[in-house]
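Number of protein chains: 2
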Amino acid sequence: MTNKPYNLVIVGYGGMGSYHAKLLKENPTINVVGTFDILEERRTASTVDGYKSYESYSAVIADHDVDIVLIATPNNVHKEIAIAALNAKKHVICEKPVTIYSEDLEEIMKVAEATERNFIVHQNRRWDKDFLTIKEIYDKTMIGNIFHIESRVQGANGIPGDWRHLKAPGGGMLLDWGVHLLDQLLFMVDSKITSVYANLSYVLGDEVDDGFQTIITFENGSTALIEVGTTNFIQLPRWYVKGTAGTAVIKDWSMEGRIVTQNFGVDIEAPKPIQAGQGLTKTMAPPSGAAVSTSNLPEVEPTMESFYDNVVSVIEGKAEPIVKNMEVLRVLRLIETIFKAAEANEVIKDFDAYKADPI
Amino acid sequence: MTNKPYNLVIVGYGGMGSYHAKLLKENPTINVVGTFDILEERRTASTVDGYKSYESYSAVIADHDVDIVLIATPNNVHKEIAIAALNAKKHVICEKPVTIYSEDLEEIMKVAEATERNFIVHQNRRWDKDFLTIKEIYDKTMIGNIFHIESRVQGANGIPGDWRHLKAPGGGMLLDWGVHLLDQLLFMVDSKITSVYANLSYVLGDEVDDGFQTIITFENGSTALIEVGTTNFIQLPRWYVKGTAGTAVIKDWSMEGRIVTQNFGVDIEAPKPIQAGQGLTKTMAPPSGAAVSTSNLPEVEPTMESFYDNVVSVIEGKAEPIVKNMEVLRVLRLIETIFKAAEANEVIKDFDAYKADPI
Numbered sequence: 143m144t145n146k147p148y149n150l151v152i153v154g155y156g157g158m159g160s161y162h163a164k165l166l167k168e169n170p171t172i173n174v175v176g177t178f179d180i181l182e183e184r185r186t187a188s189t190v191d192g193y194k195s196y197e198s199y200s201a202v203i204a205d206h207d208v209d210i211v212l213i214a215t216p217n218n219v220h221k222e223i224a225i226a227a228l229n230a231k232k233h234v235i236c237e238k239p240v241t242i243y244s245e246d247l248e249e250i251m252k253v254a255e256a257t258e259r260n261f262i263v264h265q266n267r268r269w270d271k272d273f274l275t276i277k278e279i280y281d282k283t284m285i286g287n288i289f290h291i292e293s294r295v296q297g298a299n300g301i302p303g304d305w306r307h308l309k310a311p312g313g314g315m316l317l318d319w320g321v322h323l324l325d326q327l328l329f330m331v332d333s334k335i336t337s338v339y340a341n342l343s344y345v346l347g348d349e350v351d352d353g354f355q356t357i358i359t360f361e362n363g364s365t366a367l368i369e370v371g372t373t374n375f376i377q378l379p380r381w382y383v384k385g386t387a388g389t390a391v392i393k394d395w396s397m398e399g400r401i402v403t404q405n406f407g408v409d410i411e412a413p414k415p416i417q418a419g420q421g422l423t424k425t426m427a428p429p430s431g432a433a434v435s436t437s438n439l440p441e442v443e444p445t446m447e448s449f450y451d452n453v454v455s456v457i458e459g460k461a462e463p464i465v466k467n468m469e470v471l472r473v474l475r476l477i478e479t480i481f482k483a484a485e486a487n488e489v490i491k492d493f494d495a496y497k498a499d500p501i
Numbered sequence: 143m144t145n146k147p148y149n150l151v152i153v154g155y156g157g158m159g160s161y162h163a164k165l166l167k168e169n170p171t172i173n174v175v176g177t178f179d180i181l182e183e184r185r186t187a188s189t190v191d192g193y194k195s196y197e198s199y200s201a202v203i204a205d206h207d208v209d210i211v212l213i214a215t216p217n218n219v220h221k222e223i224a225i226a227a228l229n230a231k232k233h234v235i236c237e238k239p240v241t242i243y244s245e246d247l248e249e250i251m252k253v254a255e256a257t258e259r260n261f262i263v264h265q266n267r268r269w270d271k272d273f274l275t276i277k278e279i280y281d282k283t284m285i286g287n288i289f290h291i292e293s294r295v296q297g298a299n300g301i302p303g304d305w306r307h308l309k310a311p312g313g314g315m316l317l318d319w320g321v322h323l324l325d326q327l328l329f330m331v332d333s334k335i336t337s338v339y340a341n342l343s344y345v346l347g348d349e350v351d352d353g354f355q356t357i358i359t360f361e362n363g364s365t366a367l368i369e370v371g372t373t374n375f376i377q378l379p380r381w382y383v384k385g386t387a388g389t390a391v392i393k394d395w396s397m398e399g400r401i402v403t404q405n406f407g408v409d410i411e412a413p414k415p416i417q418a419g420q421g422l423t424k425t426m427a428p429p430s431g432a433a434v435s436t437s438n439l440p441e442v443e444p445t446m447e448s449f450y451d452n453v454v455s456v457i458e459g460k461a462e463p464i465v466k467n468m469e470v471l472r473v474l475r476l477i478e479t480i481f482k483a484a485e486a487n488e489v490i491k492d493f494d495a496y497k498a499d500p501i
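As they're listed, the protein sequences go chains A and B. Numbering-wise, my numbering puts 321 at position 179 of the first sequence, and it's gapless, one number per residue. Numbering-wise, my numbering puts 352 at position 210 of the second sequence, and it's gapless, one number per residue.
Treat the hints with caution; some may be incorrect.
Same chains, same label: a pair holds when it works inside one copy or across any pair of copies.
[Claimed, not checked] Straight-line C-alpha distance at most 30 Å; calculated BS3-like pairs for lysine-lysine:
(1) 491 - 309
(2) 167 - 414
(3) 414 - 194
(4) 497 - 194
(5) 414 - 393
(6) 424 - 167
If you're looking for bench data, these hints aren't it; they were derived computationally from the structure. Note that this is a predicted model, so its numbers are computed, not measured.
If we strip away everything but chain A, and leave its shape as in the complex, we get (with noise of 0.2 Å):
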């Protein structure tokens, strides 16, 4: 036993969770004190890995020893798992996507406030350098102000692993990335949902999407396209936005790439029209030297405290969540308006609660 001031456990010792118990090697203040997994050959992995395998959940939930309890199984068992750590005075860290469908994490969240435990997603993502360097050009307008935003992850490799490919386990890409990539949008642009559609792949014949498209539409104007693919064999760029004053592109998890402004108030020579295919177009034609600036991306200080830290700081009550409740609930009515709107092939409207209270 180290010194560690609080006790977890991993329920669910599969892809995520051993990246969890490696990450959390390295943590000051929570200690993993041992797994669960219903597979015999996780429980073996878990031991091989020096993690004790508890024999059943019950023995996991009835250990006084364990503070959190670490869920990382598949998505249709998150709801049972959580809510039974929480009535048993654990508190719960949970992976993404939370639960299928928003009347469970609903439940869960009662369920949390009665037992006065909290219950924190981890939607790791909003960590992502990708996605907060984005979010500083978003916040300091530094490509004026963003009126536009794409944000992909296209993959060549199908659909991975076992239970991703099935629906009743909550299968499919718009859960599993899709969730992420919408979750990072609403972080960034503070603004309600006023239209979402959505076209689903079903390319592979799995009978989960194997990828997707939306456009969301937001009150204060702006749109934004999320994209996830895995049958892209070349990649677009991570992320592609466009601003009133340039354009800023990163290109993949590398960070490579760069922010294009536009430069105003000088003598801007006008474009020369350029042969373009059969045509000439001036529309098309790269802007002259001057008209633009070329530069890098800006580096990110950290400003918020690590996802771990942040779930000690709000156990012990000195921090609110970074990932709230109410926004993991948006995100998953989200999710499932792209789905009901992707199905439908139409456009829906005036779904998003916004800050209303949504429950």
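With the hints as your guide, set chain B onto chain A.
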């Protein structure tokens, strides 16, 4: 005078009119005998360029030596000029967009039929090398069956010129560049349109759209994202196309691009998870080296007559027009539908007459 068999007058000697004059200098069959423009400065330009400037449009159509009238005026006067020319037994070449409203084209088509003259729209970008290359990849299933097409032009110069800023003469980017991209799309994808979603941009404060994104779905299951922008200081690729066996990209009119295809039936190593921001991902990891092959874009052999040669062949009864008026009408109706879909912010379905006679 030359010995070229057909005499042509250019009506509207602006950017496109003078561009046609330059192109036709090389043409062995069509002789530019003069121009007409309502602006004194453009008449002077015509004289300087060596082309007789007619005193009036009546003088153009009264001239028995004139075989063809080429219309390169603002869009709102195409119809009256075209109908007068057809009634005077001239053939007519008309710049795009042919008219602002589809009913106007229908009227012209009726007059052309009644007068037994040819009316042909200059959809020159059907001959663009970038488009023909994508069409070759499409037709020859070089990346499998193509199920998603993204076709974009993105400028950084705002809306150019004078009348393109105004609604009455048919300004705006949907009518200007949109008509090309949509014409190319429908010339390539042989399927009925099942739905249209669209979002027009008015960020520059003009009374017309300064760009748009539209998502079109087809009966054959494929989708297209068509985009025109004039506030894009960084450009996404001109073409981004997904097939069941790969992806193709063309960066711009310089024809930089590539094809990446999936290698089937080989013993492919699964992709290794990569660190991506604050998480691991296998889904978005690059495929293993043996899993994909990269190749150059195909070299396209021209298989169609040139636009002007086709006009002459049509006049001489030797060929069908490559740009058929029914096709132009279908594109115009699609544009009208895009305007409607954007204004209502709704998905519009069941409007496309496709191969049925739409008049």
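Taking the hints in turn, this is what the structure says about them:
In the homo-oligomer, the alpha carbons of residue 491 and residue 309 lie at most 30 Å apart both inside one protomer (26 Å) and across protomers (28 Å), since each shortest distance falls under that limit. With identical chains, the CA atoms of residue 167 and residue 414 are at most 30 Å apart between copies only, with a shortest distance of 23 Å across copies and 59 Å within one. In this assembly of identical chains, the alpha carbons of residue 414 and residue 194 lie at most 30 Å apart only when taken from different copies (27 Å versus 70 Å within one copy). Taking CA atoms no more than 30 Å apart as the test, residue 497 paired with residue 194 passes in neither setting, with 43 Å inside one copy and 68 Å between copies.
In the homo-oligomer, the alpha carbons of residue 414 and residue 393 lie at most 30 Å apart both inside one protomer (29 Å) and across protomers (20 Å), since each shortest distance falls under that limit. Within a single copy, residue 424 and residue 167 get their C-alpha atoms only as close as 58 Å, which misses the 30 Å cut-off; across copies the closest is 22 Å, which meets it.
In this structure, the one hint that does not hold is number 4.
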